[in-house]
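Taken in order, these protein sequences are the chains called A and B. First residue of the first sequence? That's 824 in my numbering, and the numbers climb one at a time after it. First residue of the second sequence? That's 50 in my numbering, and the numbers climb one at a time after it.
Simulated from the structure, these hints should not be mistaken for laboratory data. Just to be clear, a hint being listed does not mean it is correct.
As the list claims (entries may be wrong) - In silico DSBU-like links for lysine-lysine, alpha-carbon gap of 35 Å or less:
id, chain 1, residue 1, chain 2, residue 2
1, A, Lys898, B, Lys335
2, B, Lys707, B, Lys686
3, B, Lys538, B, Lys686
4, A, Lys898, B, Lys321
5, B, Lys348, B, Lys882
6, B, Lys503, B, Lys538
7, B, Lys882, A, Lys898
8, B, Lys647, B, Lys538
9, B, Lys306, B, Lys872
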Amino acid sequence: MQRHSPFARLVATGCVFLVGTLLLPAGLAAEPAPKTSSMRDAVKVVAERHATSLTTSRSTLQASEPDLQSGSFFKTPAGVAVLVAFGVGVGYALYSASNDRIRSSGR
Amino acid sequence: MVRRLTITLAALLLSVGTLASAQTQTGTITGTVVDAQGQVLPGVSVVLTGRTGSSTQFTDGTGVFRFVGLQPGTYTVRAELQGFRPYERANVAVSIGATVQLRLTLEVGALQETVQVVAEAIAVDTTTTATDNKISQDLLFAMPISRTNAAVNMLNYSPGVNSGSAFGGSANSANALLLDGVDTRDPEGGTAWTFFNYNIIEEVQVGGLGQSAEYGGFTGAVINTITKSGSNRYSSLFEHRYSNKSLSGNNISSSVKSQNPTLSSSKVDSLKDYTVQLGGPIRRDKMFFFGSVQRYAIKQDPDGPRTIRTEVSPRFNTKLTFQPTSNDSLTGTFQYDQYNQTGRTGLGGVANTTDARTVEQDSPEFIWNGQYRKILGSSSFFEAKYTGYWGYFDLDPITPLPARLNDDGSYSGGAGYSAKYDRLRNQLNASLNRYVQAGGTHNFKFGVEIERSKIRNRFAYTDGLFFYDVGGQPYLAYSYSYDVEGRNKRQTVYAQDQWTIGGRFTANLGVRYDGIGGEGSDGREYYSTNSVSPRLGLAIDLTGRGNSVLRAYYGQLYGGAVFTSWSRAVPGIGDYVIYEVFPGNRLVEIDRISGASKYVVDDDIDHPRSDEFNVAFEQQLARGWKASATYIRRESKNFVNSVLINGQWSPVAFTNPKTNQAMTIYRWANRASIEQRFLITNVDTVNYAGAGTGEATRDYNGVMLVLNKGYSNRWQAQVSYVYSKTTGTVASGAFSDVSSSQFETPNQVLINRDGRVPLDRPHEFKLFAGYQIPKIEVALNGYFRALSGTTYTPFNRVSSSRFNWTSSIDVQLEEQGSYRNDKLALLDLRLEKVFNVGVHRFGIYADLENVFNSGTVITRNARFPSVSISGNSVAFGNATAVTSARQGTVGLRWSF
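With the rest of the complex left out, here is chain A:
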């Protein structure tokens, strides 16, 4: 998925929030304010922190499975074995498709 810049994300979020607020049904808009810091502050802070949190979660994933996230996996012995096994499997199936085919007369 595309990762937007923090600024773009902030602007987009702000727009969505603004439009959403305008379109909010009157009954919902009249709800009491939540017991937290102001909405604007919350959005701003979280938006600024967001890229960091994404990076953190992504690097966690990479740390646990380093081989399977990039093409370098196929340079490892396991990766080579995968390519060989896959190639053999595809090759034999292609051979089978050609040689085991029952060809109907009149086609």
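Chain A is fixed; fit chain B onto it per the hints.
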């Protein structure tokens, strides 16, 4: 890895009544973020991380977030807000059509102190009225599930479905088979056409009850199969399965053999089935690939006199996924496969087919699917799909000689025929999902479907003739052939709303329009129906805590577009010519029946449908336990059949040969004064002049109890019991709703026809269970089912002259369903030992189907007093088929 797998399995194990409501291929995660006091928190950052990247939203003014258009799989949800400890919920499983509802509670604290939670495996959806069974790839991976035809076999593992008949619906032909969201059935009669590799399945949804308006084209069940895709992580699977004759049992007892000497156990001489798969990123977060290749080869010694049947099926699958932005997804899939088969039966069927009398089958196929998905923020998404396939199957005899029926009932010569069946199917689907807040939460969906299919069937006797021999010499010969063609046209529009009011009441409202037409090769429209089907459902969260729900549903379900309903009306059938055969094979024509169609289709015909009403209660009992009880009623209507136009009937006495009591049969009274012509029409009520009024009915009533136990303490299970009753005058065999000649005379309508239909099984018990054996760490998974036998009714084949009719008629001698076949109890097991090396999983497993080698008689001869099978006289009530014998299969697989 085994444990992870089994836990996931537990989460998805055929969980009846789990979250289900909306789109055919995707799911939704929605939720509310609150603080410790339960106050909603707006502006919270919610990050969803899946296999193909991450996506972020902020909660709205009511603390609600929503991710729509999600591919099935597991996700991690992380919520953050300044001043609160981040909350992370892992392993959130999204299934097809599921709406996962979360309530995330943020506690005051530092951002560094993340609260991590693993999602609850068993959950109750309090908003849907659908009852679905989700079968994940993990389940398919673990259970000893039959693989011969993945699309169809999945169905029979579900509660309420047996022998392809779902909740009293017609066997096989009444079920919609969706592949990546689009129906791929044979447009001729609605049975399975596309066969695919079992291992390409990501998840299967078997939807039967309470379906929303987007689901149509079925009066039984819907099987919705989603195929695997590539992701940011390279993944692969290599599997090889093997079996041979030494792993095949023989379950024909001497007593059964004495009843029917032609019976024998089918044996697998050799099975060699391998799959190689590879998927991963082409460009991270942007483009992904998935490729799968299978070669399935089996050699069998089948039932009956045949000694060999072979099948070699190479199958190639590719899928490319392109995500230009986080909100756009383009997918293209392609399959090419062949189904090369030898040993298929000749004229006379299984019991009369020797090796020399078989045909071989050539059937290549291309399947394509392109789709585009656009996510329009947190409240809407749009999907467009285009799917089609092209294929044919040709049957050619291996011995190019005409078939000969001998006067003792046996057959000789060659298979006796050749045939060619061509298919082309195209379908376009487009839909828009939109969530709206107005007097509650609405989840609207609007969709359009357009289907165009082409069918061509050709058949001819070998050398144009079929012989009837007397005393080993040809006596009569017949010639017959056809070349018929038709096109199905379907336009569908639907709208539905899942409207949640006050958090506890959800109304599921929908309406669907299907316009179905049939056009012959002459450009004439033969069939035209317009159907509007309402779907009304209500779900009530009884406690307000999301653990107990009461559901009610009423819906009208219309079948799919099929050629077979009107195919008898199109031109293309050759004359049926009868010859007397003289020495030197000199033929002298003695009768000729014109092939010109005698059938016309009623202009006011209505499409077959089933009306469904169900009430369900579902309760989460404790952590990991869930139970449900459902009452189901289905009533079939608009049966399509044919009736004699202007026919008059006169009752005549007939002595029941089984009871020696007098009974009445009906003779065609005005044969001399009218032409034999038939009207293809709805036969719900038919007035037979001089005989009485007949009705086409089939009603299903059932109670379904299901108990799920999620994985804990090394075991998990699902147990179900269904008590049902299917009664009526029309059986639930394939095509019974859409095409039959049963109503052409009153003799198969008014005489002993109302009763338990053949596929009625009052008692059904099914158990899936898995246990992880400690110390040796071997997974033991099993599937046990115990079913009532199907019914059968004694009949006598009465010659045409008794009825003044053009052919003999089978007259039932007792009330329909008066006899029942044996109860069935079968156990299948899988033992698997797994070795984990880093991320690599190596498994070795053994499957044992029919562990106890049960030889239950599943069908008996219903013809009274006897029938001739391969020259052997088989008396009424004697066995004609037994269940498949024990079969062992071993497998090796490597995956990561």
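* Asked: Is the straight-line distance between the alpha-carbon of B:Lys503 and that of B:Lys538 35 Å or less?
  -> 9 Å, holds
* Asked: Is the straight-line distance between the alpha-carbon of B:Lys707 and that of B:Lys686 35 Å or less?
  -> 33 Å, holds
* To do: Decide if the proposed pair is consistent with the structure: B:Lys647 and B:Lys538, CA atoms, cutoff 35 Å inclusive.
  => 24 Å, holds
* **35 Å limit on alpha-carbon distance, applied to hinted pair B:Lys306 and B:Lys872** => Holds, because 19 Å separates the two Cα atoms, which is no more than 35 Å.
* Within 35 Å, alpha carbon to alpha carbon, are B:Lys882 and A:Lys898? -> 29 Å, holds
* Sort out whether B:Lys321 lies within 35 Å of A:Lys898, counting only the CA atoms. => 31 Å, holds
* Given hint B:Lys686 paired with B:Lys538 - CA-CA distance at most 35 Å -> 22 Å, holds
* Asked: Can the restraint linking A:Lys898 and B:Lys335 be considered satisfied, given a maximum Cα separation of 35 Å?
  -> 23 Å, holds
* Mind checking the alpha carbons of B:Lys348 and B:Lys882 for me, to see if they're no more than 35 Å apart? => 28 Å, holds
In this structure, none of the earlier numbered hints is contradicted; all agree with it.
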